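Next come the chains, spelled out residue by residue.
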Amino acid sequence: MSDRRLHPRSVFLAPASAQLRITFDAEIEHWLDARAVVISSSPCTCGDELLVHSPDDNGQMTSCTAKVMACEPILGHPARYRVSLALTAWPAPARLDGVPVA
Amino acid sequence: MTITSLTRSKPIRIYDVSAGGCLLESREPLPVGTVGLLTMDFDGRRRQEWIRVCRVQADESRRGPCLASVEFLPLEPAGADSIRGAVLRLRAAGTRSHFPMPSGRSSGDTGKSVECEDAHHVPSSPAAPVDHEDLNSSCIALELATPLLSNQARACPKPEKE
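The listed protein sequences derive, respectively, from chains C and F. For the first sequence, position 57 (counting from the first letter as 1) is numbered 57 according to this note's numbering, and the numbering increases by one without interruption. For the second sequence, position 147 (counting from the first letter as 1) is numbered 147 according to this note's numbering, and the numbering increases by one without interruption.
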């Protein structure tokens with residue numbers, strides 16, 4: 001028996017709208033001003049808006065928004081992707097859950 | 001080499017919820033094992049929960065929506081802004097009339113559950129999304145969500161013990 005009967009569930013009469021934020025790691029290959037190129041294990045769609053979290057020179061986590069300009073696969077195993085990003089907002093301190101501090 | 005993390009936000013729809021997880025629909029594929037932060041308006045306020053995808057069923061053509069059973073990750077106590085906390089509190093508050101406790105398995109049932117005899121109708125195709133202000137007004141159905149997933153739903157691989 002698995003652990004799938006632990007909790008009774010309730011069904012929505014109609015589906016409820018929600019947002020799912022998925023975070024994945026990437027390596028920064030190149031970052032100059034408002035342009036960045038990262039290597040990711042997850043493909044991105046051109047035009048996608050992403051939140052980019054990265055440590056600054058002081059080790060503090062910063063967050064900024066970026067738009068996917070291009071995504072091309074890198075041959076090899078496992079599959080990886082080179083993602084070109086255009087930063088649309090400059091880095092700001094980020095909370096642990098990735099949400100930029102207002 | 002500098003490691004960064006990228007966060008992508010995608011709209012989803014939720015069909016059922018429990019204190020342990022929920023069943024959701026995404027227009028894009030969600031691989032098993034995907035971890036993310038779920039945000040929804042629930043019981044009158046915005047709530048969040050970290051989730052992990054346990055089982056998925058995508059359309060065979062890979063063009064249709066993806067149904068995914070997800071579990072809540074108890075990374076921290078169920079606070080005021082957590083979904084599982086809201087479910088637990090509402091159940092504990094004596095809202096039995098709004099929270100029927102049907103027999104059967106949790107989200108992602110593979111078809112072996114016993115359906116309630118008074119279950120009226122389970123929509124075979126999702127209805128238009130409706131925003132609910134209150135769980136009590138939206139969560140009064142007795143239906144089980146079992147028909148939403150077929151027997152072909154993939155099981156969640158158990159993590160190996162170290």
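FYI, nobody ran anything at the bench for these hints, they're computed from the structure. Owing to the predicted nature of the structure, the values given are computational and were not obtained by experimental measurement. A couple of the hints might just be wrong.
Pair ranges (Cβ atoms, derived) [unchecked claim]: (1) F:80 <-> C:59: 30 to 36 Å; (2) C:43 <-> F:2: 16 to 22 Å; (3) F:81 <-> C:60: 22 to 28 Å; (4) F:9 <-> C:78: 21 to 27 Å.
Just so it is clear, CB atoms sit at the ideal spot from N, CA and C, and this is done for glycine as well.
Going down the list of hints, with the structure as the test:
no.	hint	verdict
1	F:80 <-> C:59: 30 to 36 Å	holds (31 Å)
2	C:43 <-> F:2: 16 to 22 Å	holds (21 Å)
3	F:81 <-> C:60: 22 to 28 Å	holds (24 Å)
4	F:9 <-> C:78: 21 to 27 Å	holds (25 Å)
Every hint from the earlier list agrees with this structure, and none is contradicted.
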